[in-house]
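Visitor: Use the sequences and the hints to build the structure in full.
Chains Z, U and X are the protein sequences, given in the same order.
According to our numbering, the first sequence holds residues 1 to 295 in order.
According to our numbering, the second sequence holds residues 1 to 312 in order.
According to our numbering, the third sequence holds residues 1 to 370 in order.
The hints are simulated quantities; they were obtained by calculation from the structure and are not laboratory data.
Fair warning: there could be bad hints in the mix.
Said to hold, decoys possible - Calculated lysine-lysine pairs in the DSS-like style (CA-CA distance at most 30 Å, straight line):
#	chain 1	residue 1	chain 2	residue 2
1	U	K101	X	K66
2	U	K208	X	K2
3	U	K61	Z	K27
4	X	K219	U	K201
5	U	K208	X	K118
6	Z	K231	U	K61
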Amino acid sequence: MSNINIMQERNIQKISAGQKAVRVLSKTGTYIFLLIMALIVLFPFYWMIISSLKTLAEYRQAVPTFWPRQVMFGNYVEAFTTAKLGDLFMNTLYVGIVSTLLSLVITVLSAFAFARLEFKGKETLFGALLATMMIPGELFTITNYITINQLNWMHTFTALIVPFLVSVFYIYLLRQNFMQIPNELYLAAKVDGTSDLKYLWKVMIPLALPTLISITILKMMGAWNSYIWPKLVANDDAHQMITNGLRNAFTDTSGQANYPVQMAAVAIVSAPLFLVFLCLRKYIMSGVSRGGIKG
Amino acid sequence: MVDNKQQWKAWLYLSPAIVLLLVFTVWPIFNTLRMAFMEGYGNMAAIGGATFEFGVDNFLKVIEYKKFLQCLQNTAILCVATVPISTILALLIAVALNSIKPLQKTLQTIFFLPYVTNSIAIGMVFAAMFNIVGLKQGAGVADTWGIINNVIQFFGGEPINWINAGSSYVANMVVMIIYIVWNALPFKILILLGGLQSINKQYYDAAKVDGTRRGRVLTKITIPLLSPMLAYVIITGFIGGFKEYSSIIGIFGEIMGPADDAGRLNTMVGFVYDALERDRQGRASAAALILFAIILVVTLINNKVIKKRVHY
Amino acid sequence: MKVVLQNLTKIFPSRDKKANKEVVAVNDFTFEIPDGQLVGLLGPSGCGKSTTLYMISGLQKPTSGKIFFGDDDVTELSTENRGIGLVFQNYALYPHMTVKQNILFPLQNLKGKDKLSKQEMLDRAFEAAKLVQIDELMDRKPSELSGGQQQRVAIARALVKMPRVLLLDEPLSNLDARLRLQTREEIRRIQKETGITTVFVTHDQEEAMSISDIIVVMKLGVVQQIGKPQAVYDDPQNLFVAKFLGTPPINVLEGKVSDGKVYIGEQVVMEVDGVEDQDVYIGIRPEGIEPHPQGVLECRLNNVEIMGRDASVVSTHDAALTPVVRAIISSDITVDTTAETVRFNIKPHKFFLFSKETEQRLYYEVKKHG
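Guide: Now the structure itself:
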C-alpha cells in the first residue's frame with residue numbers, strides 16, 4: 001500500500017519537474033524570439049545612425065564596421081546644407097501648424113453640431129460623411145489636381161493646406177468623444193445662460209483633450225510624411241515639403257550615392273518624429289488603435 | 001423657436017466642413033466618374049476647347065495597356081505576399097508579447113517604432129542596406145556588397161544583386177516585401193495585442209483546468225476570440241497593399257525600378273499619378289475607378305469569408 | 001476522493017511597492033473534506049474563500065502548506081494533471097463554440113491512453129448534458145442561452161471528464177433570485193447523483209446553508225468555524241460567525257456578566273454558571289425571543305411586520321449594536337401595536353455570550369431564565 005503511494009508520488013514529481021522544464025524552455029524561447037524580432041525591427045535605425053557618422057571611405061569598405069572608426073558629424077552639416085533642410089523644415093512646420101489649427105477648429109465645430117445640436121437631416125448627413133471614408137483618396141486627387149489648377153493655387157501653401165482640412169474620421173472620433181459627455185452638463189450650462197461657444201471652450205474641449213491631442217499629432221505627422229500631393233501641386237523650391245525635398249536632394253538610391261550624407265539627412269528628418277513619439281507615446285498609440293490608418 | 005435657432009446654428013457650425021467637403025470630396029466623386037467616361041479626356045485639352053465623346057474607351061485603353069497590367073501584377077504580388085506574412089508575424093509577436101511580463105512595455109514600444117517613421121526616408125535606409133557599391137558588371141567584384149549581402153556571405157551564401165542595375169525582378173520584389181512587412185508590423189501588432197489583452201483571462205484558466213495544450217489554446221481559443229481583430233488587420237492590410245506607392249519610391253526613387261529598368265515596380269496608384277501628370281485625366285480616372293472596384297470586391301470577399309469564420 | 005488541506009497559506013505580495021505590505025489571503029488553513037461531500041466555503045468578499053478554491057484547482061500555488069487528493073500530494077501538481085472540474089463565476093464558456101463543442105472540448109484534450117474515440121466523446125458529452133438537462137440545446141451558441149442554461153453548460157463541461165473533485169466559484173451569483181433557488185437544488189441533485197466531492201464558494205449564507213453538507217466560514221483569510229450548517233448556526237464559536245449566519249441577522253446587544261447575572265442595561269436577563277465577570281456581547285437569534293407580558297427584556301416597540309406564516313416584531317434598545325431588535329414569532333400571537341414598549345422572554349439555546357475583548361464565545365450553564 002505504502003509502496004504504491006510512493007510510486008504515485010514519484011510519478012507526480014516527475015510530471016511536475018518535466019512541466020517546469022517545459023515552462024522555462026518555452027519562456028526562454030518566447031524571449032529569444034521577441035528579442036530577435038526586436039533586433040530586426042531596430043537594425044535599420046542602427047544602420048542609419050552609424051552610417052551617417054562614417055566617412056565615405058569607411059562606408060565603402062568591403063568589410064563593414066559596426067561602429068564608425070572616425071565619427072563624422074560633418075555629414076550632418078553637409079546634409080543640412082545640401083538638402084536645404086532648414087528651408088524644408090520651415091515650410092513643413094508652416095503647413096503642419098496652419099492646417100492642424102484650422103482643421104481642429106473645423107473638426108470641433110462639426111463634431112459639436114453632430115453630437116449636441118438637433119437639426120433636420122442630421123443622421124442622413126452623418127451617414128453620407130461616413131460613406132465617403134470608404135473611397136480611396138486617389139479618386140479625389142485627380143479632380144482636386146484640376147481644381148487647384150483652376151483656382152490658380154498651383155505652387156502655393158494654400159494648395160497644400162486647404163484640400164485636407166476636413167477629415168471625416170476625426171469628426172467621427174471627436175463626435176463619439178463628445179457624446180460621452182452627459183447631456184445634462186449642456187442643459188445645466190444653458191440654464192446658467194452659458195453660450196454654446198463658451199460651453200464648448202470651457203467644458204467639452206477640456207474633456208475631449210486627449211482626442212484633440214491625438215488628432216494634432218496625427219495631423220502633424222501627416223504633414224511631415226506627405227509626399228504624393230505636394231509632389232503634384234507644390235514641388236518648387238519655395239514651397240517644397242520635407243519628404244519631397246529629401247527625395248529630390250538624393251535621387252540616387254543605388255550605385256555610387258554618398259550614403260553617409262544621405263543617412264544623416266534621413267536621420268535629421270526622422271528625429272522629430274521619434275522625439276514626438278517618445279514624449280507622447282500614449283496619445284499616438286491610442287489614436288492609432290482607434291482606427292488611424294497610416295496615410 | 002428654439003428648434004429653429006438650433007437648426008440655424010448647426011448649419012453655421014457645419015458650414016466650413018460642408019463647403020470644403022463639397023469642393024474637395026463630393027465634386028471629385030462626380031467629376032472622376034464623368035472624366036472616366038469621356039474618351040481621352042485631358043484637362044489642358046478641355047481648357048483649350050476640345051470636346052470628348054462619351055464612352056468606355058478609357059477603361060479599354062487602361063486594361064489593354066501593358067504598363068497597367070505590369071502595375072496590377074506588381075500590386076497584386078505585393079498584396080498577396082505581404083498581408084499573410086505580416087499578419088502571421090504580427091500575431092506571433094503579439095501572442096508572445098502578451099505572454100511575458102518583464103520587458104513587455106519596452107518591447108511594445110520598440111515594435112511600434114517603425115510606425116512613426118517617414119516611409120520614404122526609411123526606404124532610403126533600406127536601399128542603403130541592400131545596395132552594392134562599385135559593382136563591376138559580370139566581374140563579380142564590388143567595393144562593398146552592402147550589409148545584407150555581408151550577412152548572407154557570413155552565413156556562407158552568395159551575394160545577391162538586390163536593387164542595382166541588372167538586378168532581377170524577384171530580388172526587387174523580395175526587397176519590397178521585406179520593407180513593406182517591416183512597415184506594416186507595428187499597426188498590426190498594436191491592434192492584435194489590444195485584442196489579446198481584452199480577452200477574458202478566465203477562458204485561459206478554463207482551458208488550463210481542461211489540460212489544453214499550448215498549440216490548441218492558440219488555435220482553438222485565442223485565434224477564434226481574436227478573429228474580429230484579425231479580420232480588421234487583414235482588410236486594412238489589403239486596402240493598404242492595393243494603395244502601395246511611396247514605399248517603392250523610398251527604395252527605388254521616382255524611377256520606380258532599378259536604374260536599367262525604370263517603372264518595373266510601378267503600382268496602380270503610381271499609374272494613376274503618371275497619367276494625371278501627363279494630362280490624361282480620363283485615363284487616370286478610369287484607372288482609379290478600377291482600383292476602387294478591386295478594393296471594394298476584395299473587401300466584400302473578405303467580409304464574406306470573415307462572416308463565415310467570425311460568428312459569435 | 002477526500003481532499004485534505006494542510007496548513008494552507010497564501011500570501012500575495014503588495015501591489016503598492018512602496019508600502020511593501022503583504023496580503024495574507026489565506027492563513028494556515030487545515031481541513032479534511034470527506035469523500036463525496038458538498039462543502040460550501042462561506043465568507044464576505046476578501047475572506048480568502050476564492051483563493052482557497054483556486055489553490056485546490058491548482059490555478060494558484062500556495063505559499064506554504066500542502067494539498068492532498070486522497071493520499072496523493074498534489075501541491076506541486078499543475079492544474080491539468082489534478083483531474084478537477086471548475087465552474088467559473090462567469091462560466092467562461094467559449095463564445096465561439098456551440099454547447100456541444102464546449103462540452104467536448106475537455107475530452108478532446110485527453111491524450112495517450114486516456115484518448116477517446118469520437119463516438120465515446122459524443123456519448124459522454126450527451127450523458128453530461130442529460131445530467132444537467134440541456135441535451136436539447138447542444139447546437140446553440142452560449143450567447144443564445146439564458147443565464148441558468150449557461151450555468152448548466154458550464155457544469156456539464158466540468159463534469160464531462162469525470163473529475164475527482166468539482167469546484168464551483170460563486171455558481172449562483174449571476175442568476176436572478178428565482179433561478180437561484182431552482183439552480184441550487186439542481187446543484188445539490190447533480191452532486192448527489194454523481195457523488196463527486198464538491199467544493200463551492202459563496203458569499204450568500206442562505207445558499208451555503210441550504211445545500212452544503214459542511215460549511216466553512218472564513219474571515220480575512222482565517223477559518224472561523226467548520227461544521228454542518230445547522231450545527232454552526234446553533235453553536236457559533238464567535239461573534240463573527242453568529243452575525244454572518246442567519247436571516248434576519250442575529251440581534252447583538254452590549255451587556256455585562258456580574259456575579260453570575262447577565263445584565264442588559266440595568267435588567268438582568270439571565271443567570272448563568274461558568275462565566276467570569278466581564279463585559280460581553282450578547283447575541284440573540286430573532287426566533288429566540290418572544291413577547292411576554294412579564295418578559296425580562298424591555299424594548300421600545302417600533303412596529304410589527306406580518307409576513308403570512310410569521311410575524312416580525314421590530315423594536316429598539318439602547319444597548320443594541322444592531323439598528324433594531326427583531327423577534328420572529330408565529331403570526332398567531334397577537335402583539336399590542338399601540339403600546340410604547342414590548343417585553344420579551346428569551347430562549348436560552350438561542351442566547352449566546354461573547355467576550356467583548358476577544359469576541360469568542362463564552363460557554364455557560366443556565367441557572368435561571370425568564
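Visitor: Look at each hint and say if it fits the structure.
Guide: Comparing the hints with the structure gives:
{"no.": "1", "hint": "U:K101 <-> X:K66", "in the structure": "holds, 28 Å"}
{"no.": "2", "hint": "U:K208 <-> X:K2", "in the structure": "holds, 23 Å"}
{"no.": "3", "hint": "U:K61 <-> Z:K27", "in the structure": "violated, 58 Å"}
{"no.": "4", "hint": "X:K219 <-> U:K201", "in the structure": "holds, 27 Å"}
{"no.": "5", "hint": "U:K208 <-> X:K118", "in the structure": "holds, 22 Å"}
{"no.": "6", "hint": "Z:K231 <-> U:K61", "in the structure": "holds, 26 Å"}
Checked against the numbered hints listed earlier, the structure breaks hint 3 alone; every other hint is satisfied.
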